[in-house]
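There are 2 protein chains.
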Amino acid sequence: MAVWVALDAMGGDFAPQATVEGALMALKSFPELGVYLVGQPEVLAPLLKRRVPKKLEIVPAKEVVAMDESPIGALRTKLDSSIRRSFDLLKEGTAQAVVSAGNSGAVLATALFVLGRIKGVSRPAIATVLPTIRGQAVMIDSGANVDCKPHHLLQFAYMGAVFSREILRVPSPKVGLLSIGEEGGKGNTLVKRTHQLLTESGLNYVGNIEGRDIYRGEVDVIVCDGFVGNICLKLSEGLAEALMLMMAQELRSSRLAQIGFSFARGALKRFQQRIDWRERGGAPLLGVKGVVIISHGRSDAQAIKNALGTALFFVKEEVLENLSRDLAELPSLVQSAQR
Amino acid sequence: MAVWVALDAMGGDFAPQATVEGALMALKSFPELGVYLVGQPEVLAPLLKRRVPKKLEIVPAKEVVAMDESPIGALRTKLDSSIRRSFDLLKEGTAQAVVSAGNSGAVLATALFVLGRIKGVSRPAIATVLPTIRGQAVMIDSGANVDCKPHHLLQFAYMGAVFSREILRVPSPKVGLLSIGEEGGKGNTLVKRTHQLLTESGLNYVGNIEGRDIYRGEVDVIVCDGFVGNICLKLSEGLAEALMLMMAQELRSSRLAQIGFSFARGALKRFQQRIDWRERGGAPLLGVKGVVIISHGRSDAQAIKNALGTALFFVKEEVLENLSRDLAELPSLVQSAQR
Numbered sequence: 001m002a003v004w005v006a007l008d009a010m011g012g013d014f015a016p017q018a019t020v021e022g023a024l025m026a027l028k029s030f031p032e033l034g035v036y037l038v039g040q041p042e043v044l045a046p047l048l049k050r051r052v053p054k055k056l057e058i059v060p061a062k063e064v065v066a067m068d069e070s071p072i073g074a075l076r077t078k079l080d081s082s083i084r085r086s087f088d089l090l091k092e093g094t095a096q097a098v099v100s101a102g103n104s105g106a107v108l109a110t111a112l113f114v115l116g117r118i119k120g121v122s123r124p125a126i127a128t129v130l131p132t133i134r135g136q137a138v139m140i141d142s143g144a145n146v147d148c149k150p151h152h153l154l155q156f157a158y159m160g161a162v163f164s165r166e167i168l169r170v171p172s173p174k175v176g177l178l179s180i181g182e183e184g185g186k187g188n189t190l191v192k193r194t195h196q197l198l199t200e201s202g203l204n205y206v207g208n209i210e211g212r213d214i215y216r217g218e219v220d221v222i223v224c225d226g227f228v229g230n231i232c233l234k235l236s237e238g239l240a241e242a243l244m245l246m247m248a249q250e251l252r253s254s255r256l257a258q259i260g261f262s263f264a265r266g267a268l269k270r271f272q273q274r275i276d277w278r279e280r281g282g283a284p285l286l287g288v289k290g291v292v293i294i295s296h297g298r299s300d301a302q303a304i305k306n307a308l309g310t311a312l313f314f315v316k317e318e319v320l321e322n323l324s325r326d327l328a329e330l331p332s333l334v335q336s337a338q339r
Numbered sequence: 340m341a342v343w344v345a346l347d348a349m350g351g352d353f354a355p356q357a358t359v360e361g362a363l364m365a366l367k368s369f370p371e372l373g374v375y376l377v378g379q380p381e382v383l384a385p386l387l388k389r390r391v392p393k394k395l396e397i398v399p400a401k402e403v404v405a406m407d408e409s410p411i412g413a414l415r416t417k418l419d420s421s422i423r424r425s426f427d428l429l430k431e432g433t434a435q436a437v438v439s440a441g442n443s444g445a446v447l448a449t450a451l452f453v454l455g456r457i458k459g460v461s462r463p464a465i466a467t468v469l470p471t472i473r474g475q476a477v478m479i480d481s482g483a484n485v486d487c488k489p490h491h492l493l494q495f496a497y498m499g500a501v502f503s504r505e506i507l508r509v510p511s512p513k514v515g516l517l518s519i520g521e522e523g524g525k526g527n528t529l530v531k532r533t534h535q536l537l538t539e540s541g542l543n544y545v546g547n548i549e550g551r552d553i554y555r556g557e558v559d560v561i562v563c564d565g566f567v568g569n570i571c572l573k574l575s576e577g578l579a580e581a582l583m584l585m586m587a588q589e590l591r592s593s594r595l596a597q598i599g600f601s602f603a604r605g606a607l608k609r610f611q612q613r614i615d616w617r618e619r620g621g622a623p624l625l626g627v628k629g630v631v632i633i634s635h636g637r638s639d640a641q642a643i644k645n646a647l648g649t650a651l652f653f654v655k656e657e658v659l660e661n662l663s664r665d666l667a668e669l670p671s672l673v674q675s676a677q678r
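Chains A and B supply the protein sequences, listed in that same order. Using the numbering used here, the letters of the first sequence map in sequence onto residues 1 to 339. Using the numbering used here, the letters of the second sequence map in sequence onto residues 340 to 678.
Warning: the hint list may mix true and false statements.
If you anchor each label on the Cβ, the simulated ranges turn out as follows [said to hold, decoys possible]:
id, chain 1, residue 1, chain 2, residue 2, range
1, A, Thr189, B, Pro392, 32 to 38 Å
2, A, Arg169, B, Gln588, 17 to 23 Å
3, B, Glu557, A, Gly185, 34 to 40 Å
4, B, Gly455, A, Gly185, 33 to 39 Å
Treat the hints as calculated values from the structure; they're not laboratory data. Virtual Cβ for every residue (Gly too), placed ideally from N, Cα, C.
Start from the sequences and build out the full structure, keeping to the hints where you can.
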């Protein structure tokens, strides 16, 4: 049976070329996939030329939310935007997932408004998979929530643990709280209070971790607020880039060193690609009633294709169902979300 | 005229061997320096053997603050600790600076209590110099204050700008506020409010910067709270290390690649050393009435030597006097500190 994904065809810096091209690529790669291209038919149809595969349909949406537009404003006034229509398709059961590289604030706000939250979650969060020395770890929240309370971070921890178990296949994920010292007493007020909640959470909580531990792979789930998480991700991207440049400057002197550098640069580039998971395949928004994959605003066709593949994977693996079931079994969490 | 520095000889993971050795090395390198070795004479004297230079004196302090001891507890009860006695020497004018690799919370608390704050500053902050693609930038606060208010971040910005001008010789330092989007409306509540204050500050404020901009060198002063700053620094250290390991894993296959890697590794190692400024020379605590250099707990003799050199440099350059004078000329800042 086909899995149909609603793709916000107008969202992202390189839309609609990248979204249309990405959809066509995905349809070739994933036989089970169907794609609703949501957007302005007069813009989308010409890009398809005569290449209209069987499992691709244009769903009309008159309006486009600009990348720098106010999310709440867009939610209130643009009722026929490509973002809004994509979520409507998901809500009404026509589509089984949404992929968007558009205005991420508007995507978040619309997802919350149209789909609602699953039981036990007061704030949906973005989960990003990071490469580590030992494998992979999930960082949650990576940017959806800038101001958080302790019970929000507790919910992120539960969602991250389910994600780690279901998607990364870690049987009993180790959960760490990002802070500035390993002792439980260290950190800001938010972290100190969260530490207490996590200690009593029943999760495999190993305590505070420091910035230097993120890539060491000693924990499977890194819990932080979206402000800190987003800064960490972007810092990592930027540092890998800066290191490449610094190395290039240093190694300009020797011919042998230059050859060496060309190898090192390849490794750094691959790291950069691995780190920018949104660019590769989109990051899921966990905690809303639906599969939502948020892609990088800079997504090219390849990234859109990967995001559609991720959406398909999430639907097939029943991540949403598992998350909803697991969280509903935690009465204390459900209680905390009612605060 | 000699500059005498009070060295907390009992502070740090490798004290007192590293502190004594570091002091001896510094005295050889810096002819203008004098060092008070503050600590337990029965422990320190044997380490000196017969090598007691003219400008080295042991100043007795009976107690030692453990690395994991409560800072406030230590401040209240250990009145004859090596940390407390070091600051007493500075306060009474016997010494002109303090260097400590000891319990940094206790060093902060004692500095505040004994020396007090300079006019216009409600929260002293740690300034760390980072290498960038274009040169250097100062990150403030790097870990002294985990929970901040907007006017604290404003004060950090002023102190960072003075530091950049006086120490890094940047004529009109560009100040950036670390956030998760470049637009002024993006960020958490703290950052949004601080953005408003910085816009009206009279500083060369360029707006929000993102994590990826830190190492690009587009700003000279990076303003953030100490929780975020500390995580960024430690993440950078850890990522450089992880990249080295990941590269080593990737490049194991080819002989040529291995040669290349040995060059790349050298560059990464140098970056790591540049980044961990505390390890190299200690980071200054700005905003207290005295020159205070905080060294890494893991400081070895070389790091202690460098920290003593940094202290000497700060005294000679009259950083404290310039900072006090510049900040006192900002009535709005002085006002904000009275809140």
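A quick look at each hint next to the structure:
| no. | hint | verdict |
| --- | --- | --- |
| 1 | Thr189/A x Pro392/B: 32 to 38 Å | violated, 47 Å |
| 2 | Arg169/A x Gln588/B: 17 to 23 Å | holds, 21 Å |
| 3 | Glu557/B x Gly185/A: 34 to 40 Å | holds, 37 Å |
| 4 | Gly455/B x Gly185/A: 33 to 39 Å | violated, 26 Å |
Of the numbered hints listed earlier, those contradicted by the structure are 1, 4.
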